[in-house]
Amino acid sequence: MRDPENAVVEVELPDDFDDFWAAGLADCASYPLDPVFTELPALSTDQVTVHDLRYTSYGGLRVAGWYTVPRGLPAPYPALVTIPGYISEPAIPKEWSELGYAALAVAPRGKLRSNDLFNPGYPGLLTHNIADPRTYGYRGFYLDVVRAVEVLLERPEVDGSRIGLQGSSQGGGLGISTAALMPDVIRCVAAGAPYLCGIMAATTLTRSYPYEEINEYLRLHPQDAGRVRETVAYYDGLNFAPKVQAPTLLYVGMEDDVCPPETGFALRRALTCETTMHAYPHCAHHAGLPGVMRIVEDFLAAHLTPGR
Numbered sequence: 043m044r045d046p047e048n049a050v051v052e053v054e055l056p057d058d059f060d061d062f063w064a065a066g067l068a069d070c071a072s073y074p075l076d077p078v079f080t081e082l083p084a085l086s087t088d089q090v091t092v093h094d095l096r097y098t099s100y101g102g103l104r105v106a107g108w109y110t111v112p113r114g115l116p117a118p119y120p121a122l123v124t125i126p127g128y129i130s131e132p133a134i135p136k137e138w139s140e141l142g143y144a145a146l147a148v149a150p151r152g153k154l155r156s157n158d159l160f161n162p163g164y165p166g167l168l169t170h171n172i173a174d175p176r177t178y179g180y181r182g183f184y185l186d187v188v189r190a191v192e193v194l195l196e197r198p199e200v201d202g203s204r205i206g207l208q209g210s211s212q213g214g215g216l217g218i219s220t221a222a223l224m225p226d227v228i229r230c231v232a233a234g235a236p237y238l239c240g241i242m243a244a245t246t247l248t249r250s251y252p253y254e255e256i257n258e259y260l261r262l263h264p265q266d267a268g269r270v271r272e273t274v275a276y277y278d279g280l281n282f283a284p285k286v287q288a289p290t291l292l293y294v295g296m297e298d299d300v301c302p303p304e305t306g307f308a309l310r311r312a313l314t315c316e317t318t319m320h321a322y323p324h325c326a327h328h329a330g331l332p333g334v335m336r337i338v339e340d341f342l343a344a345h346l347t348p349g350r
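Note that the sequence shown ends on residue 350 in this note's numbering; no numbers are left out.
Incorrect hints may appear among the rest.
[Unchecked claim] Pair ranges (Cβ atoms, derived):
{"hint": "1", "residue 1": "A326", "residue 2": "G202", "range": "33 to 39 angstroms"}
{"hint": "2", "residue 1": "L159", "residue 2": "E272", "range": "24 to 30 angstroms"}
{"hint": "3", "residue 1": "G202", "residue 2": "P284", "range": "23 to 29 angstroms"}
{"hint": "4", "residue 1": "R176", "residue 2": "E254", "range": "23 to 29 angstroms"}
{"hint": "5", "residue 1": "A326", "residue 2": "F62", "range": "41 to 47 angstroms"}
{"hint": "6", "residue 1": "D58", "residue 2": "P225", "range": "45 to 51 angstroms"}
{"hint": "7", "residue 1": "G333", "residue 2": "L262", "range": "30 to 36 angstroms"}
{"hint": "8", "residue 1": "M319", "residue 2": "D299", "range": "25 to 31 angstroms"}
{"hint": "9", "residue 1": "N157", "residue 2": "E258", "range": "21 to 27 angstroms"}
Since the hints were made in silico from the structure, they are not lab data.
Note that the structure is a prediction, hence the values are computed from the model and not measured.
Just so it is clear, CB atoms sit at the ideal spot from N, CA and C, and this is done for glycine as well.
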């Protein structure tokens with residue numbers, strides 16, 4: 043019988059973990075953000091103004107996003123970055139701006155509108171250059187979300203002391219990594235069914251994609267097993283977790299066959315910040331959706347206090 047709540051999930055912490063990510067942040071800082079906002083009246087409403095966003099991220103690559111702001115509410119606004127799942131595309135976050143947030147739905151490299159120069163495909167991203175942590179495809183992907191937060195910090199209508207992160211699956215995992223890399227900036231994190239946590243353990247707990255991509259890769263390249271394990275340790279949410287300072291909301295499905303609940307509970311144990319966790323029996327990867335979104339909205343509102 044599986045016991046997700048008490049299962050042992052171990053990840054080795056690389057000795058140079060902090061230096062590795064400091065180097066990535068330094069690379070980003072060497073490029074001006076150069077954000078370009080283009081208002082899109084055809085997509086805007088009486089309540090929300092919609093913009094197309096482009097900015098420069100890791101390696102000088104241009105990344106896209108959707109940016110929405112409320113109409114009729116006084117600035118500055120609290121801000122929310124929404125992060126997409128592995129195979130999903132970012133939706134225009136108008137519903138969040140209707141609640142009073144300046145909302146940025148980031149489309150990290152490889153997503154539509156951000157895939158001109160980097161497009162490993164889905165499946166494909168999880169194993170792109172996975173044998174070397176320095177060139178692993180996820181390095182820029184993670185930092186694209188950090189840069190999205192930096193874009194918000196430059197906006198005059200945004201209250202830089204009230205910035206939160208929200209996402210599920212890949213969005214949940216990158217919420218954890220971004221909060222860890224920006225501990226003095228991020229005010230709160232809502233992370234559902236967090237992916238990229240306990241990565242190598244997850245490959246033994248499920249045969250579903252995306253984790254099955256790693257198993258397929260190792261069947262073709264068994265000689266790379268050690269290097270793959272070393273690479274993903276730099277990207278594992280369990281190694282980022284102790285660096286998160288923002289209050290964090292986790293929600294998982296106890297029958298999730300994509301991101302095994304064992305890894306969600308391991309993340310809960312690894313977090314040292316104020317953490318609330320909801321585990322939903324009989325729920326799979328949707329992790330309590332749509333009902334859990336009321337809890338998510340209330341959690342974000344408690345920490346970011348949006349106007350209505």
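Here is what the structure says about each hint:
1. A326 / G202: 33 to 39 angstroms: holds, 37 angstroms
2. L159 / E272: 24 to 30 angstroms: holds, 27 angstroms
3. G202 / P284: 23 to 29 angstroms: holds, 25 angstroms
4. R176 / E254: 23 to 29 angstroms: This hint holds: roughly 25 angstroms between Cβ atoms.
5. A326 / F62: 41 to 47 angstroms: Taking Cβ atoms as reference, A326 and F62 lie about 34 angstroms apart, which means the hint is violated.
6. D58 / P225: 45 to 51 angstroms: Between D58 and P225, where Cβ atoms are some 19 angstroms apart, the hint is violated.
7. G333 / L262: 30 to 36 angstroms: violated, 41 angstroms
8. M319 / D299: 25 to 31 angstroms: violated, 19 angstroms
9. N157 / E258: 21 to 27 angstroms: Holds, since N157 and E258 (Cβ atoms, about 22 angstroms apart) stay within the stated range.
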